[in-house]
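Let the sequences and hints guide you as you build the complete structure.
Throughout, this note's numbering is defined as the position within the sequence shown, counted from one, plus 146.
A hint or two may mislead.
What the hints assert, rightly or not - Below, computed lysine-lysine pairings styled on BS3-like, alpha-carbon distance capped at 25 Å:
no. : residue 1 : residue 2
1   : Lys498    : Lys456
2   : Lys498    : Lys366
3   : Lys498    : Lys452
4   : Lys456    : Lys366
5   : Lys498    : Lys303
6   : Lys452    : Lys366
7   : Lys450    : Lys303
8   : Lys366    : Lys303
9   : Lys450    : Lys366
It is worth saying that the hints were derived from the structure and are not from the lab.
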Amino acid sequence: MSVDPAILCLLPSISSTSPSNPPSISLSSLSGGTSAARTQKLTVNDQSTTNSKATESRHYFLKTSSSPDASTIFRGEHVSLSALSTAIPDFCPRPIGHGTYENDARTSFLLTEFIESGGSSSTQSSYHENDEPPLSLAAKIAHLHSLPSSIAEDLEKPGFGFPVTTFCGDTPLDNSWCSTWVEFFAERRLLAIADRFEKLHGKDDELRNIVDRVCSEVVKRLLGNETLCSPHGPPPRLIHGDLWSGNTTIGTLAPSESPSSRPEALTFDPSSFYAHSEFDHGIMSMFPGGTFDSEFWREYFSVKEKDEPKEEYDDRVALYRSWHALNHAVMFGGRGSYRTSALRTLRDLLSKYGTS
147 MSVDPAILCL LPSISSTSPS NPPSISLSSL SGGTSAARTQ KLTVNDQSTT
197 NSKATESRHY FLKTSSSPDA STIFRGEHVS LSALSTAIPD FCPRPIGHGT
247 YENDARTSFL LTEFIESGGS SSTQSSYHEN DEPPLSLAAK IAHLHSLPSS
297 IAEDLEKPGF GFPVTTFCGD TPLDNSWCST WVEFFAERRL LAIADRFEKL
347 HGKDDELRNI VDRVCSEVVK RLLGNETLCS PHGPPPRLIH GDLWSGNTTI
397 GTLAPSESPS SRPEALTFDP SSFYAHSEFD HGIMSMFPGG TFDSEFWREY
447 FSVKEKDEPK EEYDDRVALY RSWHALNHAV MFGGRGSYRT SALRTLRDLL
497 SKYGTS
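Next comes the structure, spelled out in structure tokens:
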């Protein structure tokens, strides 16, 4: 199977190889792709020039799609992976490149490090006695959620948003910068997901009325600077954005600049932006148990405590979880159980914090 020149020029082992001794390249399909995107493992076998019997294999992850949004989707994932892997090394695959095929301009691609899944991050034999053990997933996420953000262009202080559009599932996210979390969450998330729901599933007066009331009454009360992390308000923090258990694994990154090949807790498929860090908790708590069990949260909160006021933490997470439930309704359910769950949560919050 031929590999497009746009991919070949991104592979360092290709560009540095003598034409007289070219490497062999193979592509194999991977499970886990979607109807809109194809996922493959790209393997480069470099034969040593000093020992004709020695071969070094390097693996990469390749995602391709010809869907209309593919270029924007892959750009958002590339920038997300770059930001996350810079902030927390060995948190996710490092991106290598994205773009369109030279031989087929309809096909967009994303190329990243490959995750060799398997093993346990706590396996003692995977590192030497004097090595520091790898950080757990809980510790990595807690550290990510504690890192200060840089100041965005055209803002006087760190803001909420992201330089590019990202996608949570099939949903494009408007990440235009806002100076306050209240404005960003209300305008760019809750109202925007209600708009998309009605665009795809038809007019829904009940949903629209409840979302409008929550944005005007509950969001400011729960997330406003005078309440959340008072008196300055929540600081923007880089988040993964789609952090459910299916986007986590234990494995090693290949190719890797690290001298160790020990298994690490890793994430992938991010939908990043700068947010109130607890926004990630919404999707993390949507499907209880599994990766994000009680032991995970005990360790997480030992590194990063709940934001003040702590007694309102559960309500904040419920509000964030309702956005993910509405997004799932947009993608999968229409007027099914995800919509019902989201509206039930929003009604409960209105009964507790509403003003009308």
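Structure-based check of all given hints:
Proposed proximity of Lys498 and Lys456 is supported: the alpha carbons are some 16 Å apart, at most 25 Å. Simply put, Lys498 and Lys366 have alpha-carbon atoms about 13 Å apart, close enough for the 25 Å limit, and the pair holds. Using a Cα cut-off of 25 Å, the hinted pair Lys498 and Lys452 holds, with the two alpha carbons roughly 20 Å apart. Of the supplied pair hints, the one linking Lys456 and Lys366 holds, its CA atoms being roughly 17 Å apart against a limit of 25 Å.
Between Lys498 and Lys303 the CA atoms are separated by roughly 33 Å; this puts the pair beyond 25 Å, and the hint is violated. Restraint check: the Cα-Cα separation between Lys452 and Lys366 comes to about 19 Å, which is no more than 25 Å; the hinted pair holds. Between Lys450 and Lys303 the CA atoms are separated by roughly 23 Å; this keeps the pair inside 25 Å, and the hint holds. With a CA separation close to 21 Å, the supplied pair Lys366 and Lys303 stays within the 25 Å bound.
Straight-line distance between C-alpha atoms of Lys450 and Lys366 comes to about 24 Å, which keeps the hinted pair within the 25 Å bound.
Of the numbered hints listed earlier, the single one contradicted by the structure is hint 5.
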